[in-house]
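Undergrad: Here is what each chain is made of, one letter per residue.
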Amino acid sequence: MNKINDKSIIVYGLLLNFYPKSYLKEYRNLMEQTFKDMLKDNNNFKVWLRVVKELPTSLVNEHMENIKGGKMKVRDNKRLIIAISTSIVCGIAGFFLSFLIGEGLMEVLSDEIAMLLMFVGVAIYNFVICLFIGRFYSKRIWFAGFSINIIVWAALIGNLSGPGGFVDLWYGWIALIIFAFAGSYIGSMLLKKRQTIR
Amino acid sequence: MRQKQYRQTLTPSVFYILLALCDRERHGYEIMKQAEYDSIGKIEMGPGTLYGNIKRMLADGLIEEAYKRPDPEFDDERRKYYRLTDLGRKQLSMELERYSTAIKLASQRNLLPGMELPKLS
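Just so you know, the protein sequences line up as chains A and B, in that order.
Numbered per my numbering, the first sequence spans residues 215 to 412.
Numbered per my numbering, the second sequence spans residues 4 to 124.
Hints were generated in silico from the structure; no laboratory data involved.
Where hints are given, some of them may not hold.
[Said to hold, decoys possible] Computed footprint of chain A on chain B; a stretch qualifies when at least three of its residues, placed anywhere within it, have a C-beta under 8 angstroms from a C-beta of chain A:
no., segment
1, 22-35
2, 49-55
3, 81-91
The structure presented is a predicted model; accordingly, all values stated were derived computationally and were not measured.
Virtual Cβ for every residue (Gly too), placed ideally from N, Cα, C.
Given only the sequences and the hints, what does the whole structure look like? Please build it.
TA: Now the structure itself:
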């Protein structure tokens, strides 16, 4: 095995770390062994081309399966994709809207009331998203969605409050997380109750 | 553990993995090479796709690990060998039957005029 191939094996080993741990526990050695076999029979470029081509889909599929714990392919996740896309679209729309109405809103309402309204908005939004995706996906997926919502809403509120405003207050961030979590938690509890009744 | 059951249709990769294992037990890289050969280069799997499929096929009961190992002198003992299960063999037969029926139909309807099957080297 030449030096280039040795480096390739090291790089491939590092790339494998992106796969879920449970998958690696079972298949890391086998994948590395197969990669070495490929290098023995083919040139480096051809092997890497094949690896690069398959890596994104393979990684996503294994992570999806790992989260769901069963049969789940990227193409089956329409609802999750819709939920995440909605989050992103809401975040972008909110970001631009805040330029238009943000300052006016802050002039009419006191800072505290405006912030409270935003927190309630965060809670309601997470509640709806939670009901939407929680029905079909596990808690871990729901938590991933919740995290995305936090980022989206943090960007929105950060922009709305302006420099020196909410973003600089540590308790503002904690309040945001608490409200968002409360919305999601109530949503998931309600969903659980509804499923139990059925 | 997933319930062992027939799949309605097989993905091309799964089909060629089953086909690669129909005559003997093989390890991962052998399966990969055989699938590429059988598909005339159309199925080019990398280790990720290969072992992802193997994982799901093991869970579905289409293949199983072969515990009888070749002589370690001639082989790396870290490799795992796989073989078809009865369910896998039946699934492969069903799929081939489906293809065969489709080809017969296509032929009857003159959808394959002058079509030559590609030659395997």
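Undergrad: Of all the hints given earlier, name the ones this structure violates by number, lowest first.
TA: none
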